[in-house]
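Student: Note that the protein sequences, when read in sequence, are chains A and B. No gaps in the numbering here: position 45 of the first sequence is 44 in numbering that gives the first Met the number 0, and each next residue is one more. No gaps in the numbering here: position 427 of the second sequence is 426 in numbering that gives the first Met the number 0, and each next residue is one more.
Where hints are given, some of them may not hold.
Some, not all, of what chain A presents toward chain B, calculated at C-beta under 8 Å [stated by the list, open to error]:
id	residue
1	Tyr54
2	Asp70
3	Gln135
4	Asn137
5	Leu140
6	Gly158
7	Asp159
8	Glu193
9	Gly246
10	Gly249
11	Pro250
12	Gly251
13	Ala270
I should point out that these hints are in silico values taken from the structure, not numbers from a laboratory. Just so you know, these numbers come straight off a predicted model, no measurement behind them. Beta carbons: idealized from backbone N, C-alpha and C, even for Gly.
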Amino acid sequence: MKLASRKTATADVTRRQRSAHSSKEALYWIGPAALVILLIFGYSVVSVLISSFRYDGDWVGLENFEIVITDPIFLTALKHNGLLLLAVPVLIILAFILAVTLFETRRGMRFYRSAIFLPYILPIPVVAVVFGQIYQLNGALNIFLRSIGLEPLAQDWLGDPSIALGTMSSVIIWKEVGFGVILMLAHIISLPNETYEAARIDGAGFWRTHLSITRPAILNTIVFYGVIEAITMVSWVFNYVYVMSNGLGGPGNATMVSELYIYRAAFQNKAPELAAVAAVFLFVATLILMVAFFRIQRRSIAGTFNK
Amino acid sequence: MKSKKVLAIGAMALALLLSACSSSSDETSAEGDKAAFPTEDLTLNISWWGEQEAPGAQKWLEETIALYTKEHPNVTIKHVLQTTDGLIPSFEAAAAAQSGPDIQYFWGGIYTQQPGWDGHIAPISDYLSEEELSHYINAKVEAGFQGKVWTAPWYINPSFPLLVRKDILADNGLSVPTNWDELMKVCDVLSAKKITTIAGGVKDGWFGGWIYSILGGQSVQSQADVINAVVGTTKFTDPEHATWWTKLEESRDRKCWNDDINSLELYQAQQKFVDGTAAMTITAGPDAPNFAKKAGGDEKVTIMAMPAWSDGPLAGKMGTTSQTLGITKWSKYPQVAADFIKFSHTTDRLNAWYAATGSMPADDRFDISQVQSASTKALFESALNGAPYLENFIPAQLDADAVFKNVQLVLKGEVTAAEAAADKQAIMERLRKSDRKLVDNFTAWAK
Chain A
0 MKLASRKTAT ADVTRRQRSA HSSKEALYWI GPAALVILLI FGYSVVSVLI
50 SSFRYDGDWV GLENFEIVIT DPIFLTALKH NGLLLLAVPV LIILAFILAV
100 TLFETRRGMR FYRSAIFLPY ILPIPVVAVV FGQIYQLNGA LNIFLRSIGL
150 EPLAQDWLGD PSIALGTMSS VIIWKEVGFG VILMLAHIIS LPNETYEAAR
200 IDGAGFWRTH LSITRPAILN TIVFYGVIEA ITMVSWVFNY VYVMSNGLGG
250 PGNATMVSEL YIYRAAFQNK APELAAVAAV FLFVATLILM VAFFRIQRRS
300 IAGTFNK
Chain B
0 MKSKKVLAIG AMALALLLSA CSSSSDETSA EGDKAAFPTE DLTLNISWWG
50 EQEAPGAQKW LEETIALYTK EHPNVTIKHV LQTTDGLIPS FEAAAAAQSG
100 PDIQYFWGGI YTQQPGWDGH IAPISDYLSE EELSHYINAK VEAGFQGKVW
150 TAPWYINPSF PLLVRKDILA DNGLSVPTNW DELMKVCDVL SAKKITTIAG
200 GVKDGWFGGW IYSILGGQSV QSQADVINAV VGTTKFTDPE HATWWTKLEE
250 SRDRKCWNDD INSLELYQAQ QKFVDGTAAM TITAGPDAPN FAKKAGGDEK
300 VTIMAMPAWS DGPLAGKMGT TSQTLGITKW SKYPQVAADF IKFSHTTDRL
350 NAWYAATGSM PADDRFDISQ VQSASTKALF ESALNGAPYL ENFIPAQLDA
400 DAVFKNVQLV LKGEVTAAEA AADKQAIMER LRKSDRKLVD NFTAWAK
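Here chain A stands alone, though its shape is the one from the complex:
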């Protein structure tokens, strides 16, 4: 018994020594890159943080924060980022449906896959300009709707403040869904075929198979895609909004988002300190999403191993 415990103790010490040695080695490997990242990102973050407390070089405490958080345009921008998050579940469901449909498609899968992925690789400004034309009151979409007798459905898609944000999110969904499809499809293809065969033998239909087998099997990928898209909606929609609303976030402030607010504060309104405050908020929001992602991921990996 004693011998056994001594052996265990020795093994523990060796493991600890090995672990310390490997952590040191890991540090040497990642050290230079980590330092570069720390300097580049760390400098920027600290610099922005300092700017947010200054005005024209003078320390002003929380004055800039007060101005920004009481600015109705900034609050509207935050609200719109929040509303855009509603597009994430739509994206996930659409991407999942398309991915399993493509998986089940025997003929022409490559073609359909490319067709669905194509929007994702198109430059955002090109997409935004094209959709900007299509969505005009007398643009292609409304001309089509009128031609098939659906005149009441023809709207001022980007000119009407009540629907402009929804219109813009439809463009974002159209462009971003391809990324999810490819991610999910790649994961589905790598799953063992036997599971599906067994399900078929047991009489499981299309939906039953994919909801009970595919969905849990690719949950990690779904979560990953969901978080990436959430980050996109919070801090990566600038290009769409800038091009489609000519840099205004209009009509009115109907498509104003926090990134555009930052850009306009910094480069149009000559208020870098207010842009810095808004950037701090955006940074914190993105950080929360990233932390949430890593937690969910860790939990889901742990769950997979426990099973």
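Please build the complex by placing chain B on the supplied structure of chain A, with the hints as guidance.
Tutor: Relative to the frame of chain A, chain B by itself:
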């Protein structure tokens, strides 16, 4: 061990903080020296805009550069044409880096004043004589600040003429409206026949600023009234500043505008006038003669100021502003830049500008008698004795956040005239709080 780690992290954070602090307080001073004309090889960079509203400007600029560099072989001049949306942000980025163009294009008024207040440009009056500057139209009104002149007017922008297709009006039994009520009657008749009276596009915002200036200018006495509202002596909800919103509302209710005004950009909408699907449009002054020519010339088109809705001193008058060129504070060769600007105001270059663009150079030495078209001549004369262009006397942020936005919303029927005026006032009050130098700057400008 732990404390060492904490110390190391602390030291790194401190280093980052110190480096960030030192860079934020680092100010680059680029006082232009007034040494003799340099003889070494040098390059000037020009960042400009204007081809959009004065087609032919690029040809003229390239020709002018070629002539100047022929006279000064040691000078190379490069130019970059900016987009409308990119003009200000690209200059702001250059200013933040204290590096970039030597000569920068600026719209008049606040667009010239602000970079001067921010210390990004050297006053042109430091490099050009008072006698020379006295010929530059609108120099003192818009670019003057406490005895100095920030930038040099380049060409005049009559702001903004209403172009009227007499042929379309005549076909519908109408004549050119001479006052607001007549204009509204034209709208009634044409809208009943599904013809657009005035073509416009507010998606990109700019047209909103034009409408503000040509309608809002009719109820103020001078630009001083606007500056008073900016600094808080009066309010944008006061009748002299707010009534024009009701006129805009009225024009919407009388169906004066194209139905897709909110989904079109300015230049897209103006095409309707050329195509003959709209009876009127409002264009940039320098481009008005070209538009008129495209739509049939003097025979078919009248160029005029917006019909008056009030009896104010500026009602029915054409606004006038000059687009300008300034020398950046970081330019190594400000005297060369100034010399090039002066060269662009020589008689040959003034005439060449008119020949290339059909618009008027901002110099009273330009011989107006060479203008053949009666409507163009009238346009030039009206701009020479024009009204101040109001949009240039309010903060640019107020223009974008309040005017552009509310014009879109009023035209869409989303807000009332009173709500638009109240919103403009609220934004102005907020702006006075966020831009802590605004009141001082505008007050100094008004003196």
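Student: So, against the hints stated earlier in the document, which numbers end up violated here?
Tutor: As far as the earlier hints go, 5 and 8 are violated by this structure, in ascending order.
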